[in-house]
Amino acid sequence: MLMALLRRLVFAFCLASLITPAWAVAVDTPLADPVLEARARAIHKQLRCLVCQNQSIEDSNAGLARDLRILVRDRIAAGDSDKAAIGYIVERYGDWVLLQPPMKGRTVLLWLGPLLFLLLAMGLIFLWYRRRSGSTAAAVAAAPLSADEQARLKALLDDREQT
Amino acid sequence: MSEPISEPSSESRPRSVWLRFMPLVVALVIGGFLLVGLGLRPKEIPSVMIGKAVPVFDLPALPGRPKGLKTADLKGQVSLVNVFASWCVSCRAEHPLFMKLKGEGIVPVHGLNYKDEGPAAIEWLRRYGDPYDRVGADLKGRVGIDWGVYGVPETFLINTEGRIVCKHIGPVMEADLRDKLLPAIKALRQGDTAQC
Chain A
1 MLMALLRRLV FAFCLASLIT PAWAVAVDTP LADPVLEARA RAIHKQLRCL
51 VCQNQSIEDS NAGLARDLRI LVRDRIAAGD SDKAAIGYIV ERYGDWVLLQ
101 PPMKGRTVLL WLGPLLFLLL AMGLIFLWYR RRSGSTAAAV AAAPLSADEQ
151 ARLKALLDDR EQT
Chain B
164 MSEPISEPSS ESRPRSVWLR FMPLVVALVI GGFLLVGLGL RPKEIPSVMI
214 GKAVPVFDLP ALPGRPKGLK TADLKGQVSL VNVFASWCVS CRAEHPLFMK
264 LKGEGIVPVH GLNYKDEGPA AIEWLRRYGD PYDRVGADLK GRVGIDWGVY
314 GVPETFLINT EGRIVCKHIG PVMEADLRDK LLPAIKALRQ GDTAQC
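Protein chains in written order, with this note's numbering: chain A, 1 to 163; chain B, 164 to 359.
Here chain A stands alone, though its shape is the one from the complex (with noise of 0.2 angstroms):
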């Protein structure tokens, strides 16, 4: 009884799931020149929503994306290029609108920091093998077997040989 009311639950939890993405471009109206339409979708995906803040306009449901995403239609209607169409926004709202933020001077950082941490890392694993191979070296050479544990190893060797 319960569990048949859980699946119920969980197939109808599946079906909403499947339905909430189809609201972000419902309500919009497309560009009549596909091509057009085509470059300004491009364009929502890179620009980055301001009200739900990692979602793309392209996804977003809130007003303000949908005003920005007209706003895009209407500046590639008009003739502008995308590099233009896109620079009339970070006008407006800075590099924070572009998921991909550009390399400049500031944001250096940024795009070398992962490689710097990659570096960073290999160089201390580097050391960390060296240093260990070193110790063990030395603690072999530092410590050689005795008569006593050259007899057992000789015996051991011998055992083995045998059977």
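It is worth saying that the hints were derived from the structure and are not from the lab. Note that the structure is a prediction, hence the values are computed from the model and not measured. The beta-carbon is built from N, C-alpha and C at its ideal position, and this holds for glycine as well. Honestly, I wouldn't trust all of these hints.
Computed list of lysine-lysine pairs in DSS-like fashion (alpha-carbon distance at most 25 angstroms, straight line) [unchecked claim]:
no. : chain 1 : residue 1 : chain 2 : residue 2
1   : A       : 45        : B       : 303
2   : B       : 265       : B       : 349
3   : B       : 230       : B       : 263
4   : A       : 83        : B       : 215
5   : B       : 238       : B       : 215
6   : B       : 265       : B       : 233
7   : B       : 215       : A       : 104
8   : B       : 206       : B       : 303
9   : B       : 278       : B       : 265
10  : B       : 206       : A       : 104
11  : B       : 215       : B       : 278
12  : B       : 238       : B       : 343
13  : B       : 233       : B       : 303
14  : B       : 233       : B       : 215
15  : A       : 45        : B       : 206
Using C-beta positions, here's what the derived DEER-type ranges look like [unchecked claim]:
no. : chain 1 : residue 1 : chain 2 : residue 2 : range
16  : B       : 187       : A       : 154       : 43 to 53 angstroms
17  : A       : 55        : B       : 346       : 33 to 43 angstroms
18  : A       : 106       : B       : 216       : 19 to 29 angstroms
With chain A held as given, fit chain B onto it using these hints.
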């Protein structure tokens, strides 16, 4: 044949002492970042409009209310431009403060009525009071976009040259006015530069 294998003593490996404190060091570093993160406000997006001249715009007045708002109106005196709407809940929180500014004649406040309906805005002003000198009706929100508005309310401080000095995101509270806006307005009137 099981003999206890003796671990090398810690004296022979001084780096292990250092290693022992690694979890603490890592925890402190992560904790430090999280502590700084607590004080950040990711919802407040830095405006690129600061220091720029106000956008070129010319908005009509609300129906039945004189005086629309355009670029030229914002030159010649220090003023505030408040982005508001009748549908905006937190606008009501800051509203009494603007009424006070008007009542005491401290600084002219202009309204940018963002994506609202004229009659609704007029009704809102009738009910809660009209603190604005000029009000421009931005029905489609295009002028708001030109100002870099991304939420309502927002409040801009404009200097005598018609440049945006600073932007307050969210409702203006008593403390914001006292600590940020009023000192900046005073400085601007004395011909100093100001930031807030």
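Contradicted hints - numbers only: none
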